[in-house]
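Peer 1: So the chains spell out like this:
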Amino acid sequence: MSTEFIPENLRQAIVRDLRPVRPLLPPWQRTLVVAAVTSAGIAALLAVFKTALRPDMSEIPMWLSWGCSSLQLLVGLALVGLALRESIPGSALPSGVVAAITTTAVLMQVVIGIATWLYSPGPVLSSGALAKGVGCMTHDTAMALPTLIATLWLVFHALPVRAPIAGLLGGAGAAVTADAITHLVCPMSDLRHVLVWHTGAMLGLMLIGWAAGILWDRRQQRQPLQFEDA
Amino acid sequence: MAADRQAEEERLIALMIGYQKGNTDDFSALYAALKQPLLRYLWTFVRNATVAEDLLQETFLQIHRARRTYIPSRPVRPWVYAITRHVALMHLRSRRRRKEVLANEELPEIPVPPEMEKLADHATLRKMLATLPRPAQEVLTLHHLLGLSFEEVGQILGIAAGTAKVRSHRALKALRAQVADKGEVT
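So the protein sequences, as listed, match chains A and B.
Take the position in the first sequence, starting the count at 1, then add 17; the result is the number in the working numbering.
Take the position in the second sequence, starting the count at 1, then add 12; the result is the number in the working numbering.
Bound conformation, chain A alone:
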């Protein structure tokens, strides 16, 4: 190695660790990995929870039930893809675009909730609303966990230079993906239930992703740069 330009301590550090590395897969291929983890995770959880389709499926038109769920799945995976893209330096999305995309994802869930309620209002929840809400939120969070964990693992094993934004997008992707399933299985259309507990779960998951990004950033700040072999 020609050493005339390189400071000695840097040269030594590089030489000590200069082994071939395999480049990361492009974001869309890593999104497919997350999609596989998501499918397996959700299938396992549906089996564990012994979940059935919502009883009022026949009252909801196909475009609103299966159609909107499929759309949400695609949007969720697209958000995961954007989080993975954000984890590659020099691929940052404009902050305005990030804000617009995440807001649209939340609004989409709200609009689907309202449309479903218009077609099938269901019973108004009075007794046990809190218990049912907590149950649904737990269910939503559990459904989102495989996607969230896989996405954040892949994001933080790259180099997200705006880790909170990458985390936020990952959290939003996991939340939308989970809501696509919940929309098909939650038997309650009551708007208060949907907007408080399901939208709340979505916002909570986004917050978790964002907070994970902040923690990762702080950890990076505290740790001096080290080589894997050192």
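Treat the hints with care, as some may be off.
Away from chain B, derived, C-beta distances all over 12 Å, residues of chain A [stated by the list, open to error]:
hint, residue
1, L70
2, I77
3, E103
4, G107
5, I166
6, G217
Below, a sample of chain B positions facing chain A; criterion: calculated Cβ distance under 8 Å [unchecked claim]:
hint, residue
7, G30
8, G34
9, F39
10, S40
11, F72
12, P84
13, A94
14, M102
15, S161
16, F162
17, A172
18, H181
Calculated directly from the structure, the hints in this document are not laboratory data.
For each residue, glycine too, the CB sits at the ideal point set by N, CA and C.
Add chain B to chain A, keeping to what the hints say.
Peer 2: Frame of chain A, contents of chain B only:
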């Protein structure tokens, strides 16, 4: 000019791929090619030659650690500058936490974009550039001095290409106004 840039970018891509394969000569060539532009960019943040030199080493350590995140065939420079910016911002954040302040005599040493050279002497322009907000300085440095496209600048800073263009335009306009105010137009 555009062909030169294209050829340089292709050379950087080939070096980066060789570096990922563990070729030490490719790392040396990459270091030689990127050292000066990265130092100029780091000056925009720290305005101090010694600190910039230290941060340059830290940047190359970070580049080394993250070398697998470079996706072959994509442009190298936005990837490298984004890492450099990350290192510089982490440094500024930790300095703010420690409440460190640079001595006045260490300020500032900012390179002058070629577009501005005809407006006034270098010393005057440097002083004026130092008065601009950092986002404006960053766009001017990345686009006018280091030759990145507005799209690449946007990818590094996390802003739209149009926003980068507007920031650059406003910064140049502000500089021209300052020069005119001082009556130093040549």
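Peer 1: Would the stated hint for B/G34 survive a check requiring a Cβ distance to chain A of less than 8 Å?
Peer 2: holds, 4 Å
Peer 1: So A/I166 supposedly isn't at the interface. Is its beta-carbon more than 12 Å from every beta-carbon in chain B?
Peer 2: holds, 20 Å
Peer 1: Evaluate the condition: distance from the CB of A/L70 to the nearest CB of chain B exceeds 12 Å.
Peer 2: holds, 41 Å
Peer 1: Under 8 Å, Cβ to Cβ, is where B/A94 needs to be relative to chain A, so tell me if that hint holds or is violated.
Peer 2: Holds. Min distance 4 Å.
Peer 1: Please check whether the beta-carbon of A/E103 is more than 12 Å away from every beta-carbon in chain B.
Peer 2: A/E103 not clear of chain B: closest Cβ-Cβ about 9 Å, inside 12 Å.
Peer 1: Non-interface claim for A/I77: all C-beta distances to chain B beyond 12 Å?
Peer 2: For A/I77, whose nearest Cβ neighbour in chain B is about 39 Å away, the distance exceeds 12 Å, so it holds.
Peer 1: Is the shortest C-beta separation between B/P84 and chain A less than 8 Å?
Peer 2: holds, 6 Å
Peer 1: Taking the closest Cβ pair, is B/S161 under 8 Å from chain A?
Peer 2: violated, 12 Å
Peer 1: Would the hint on B/M102 stand, with a C-beta cut-off of 8 Å toward chain A?
Peer 2: holds, 6 Å
Peer 1: Would you settle whether the hint for B/F72 is holds or violated, based on the nearest Cβ-Cβ distance to chain A being less than 8 Å?
Peer 2: holds, 6 Å
Peer 1: Less than 8 Å between beta-carbons is the criterion; does B/F162 satisfy it with respect to chain A?
Peer 2: violated, 12 Å
Peer 1: Would the stated hint for B/S40 survive a check requiring a Cβ distance to chain A of less than 8 Å?
Peer 2: holds, 5 Å
The structure fails hints 3, 4, 7, 15, 16 and 18 (numbered hints given earlier, in ascending order).
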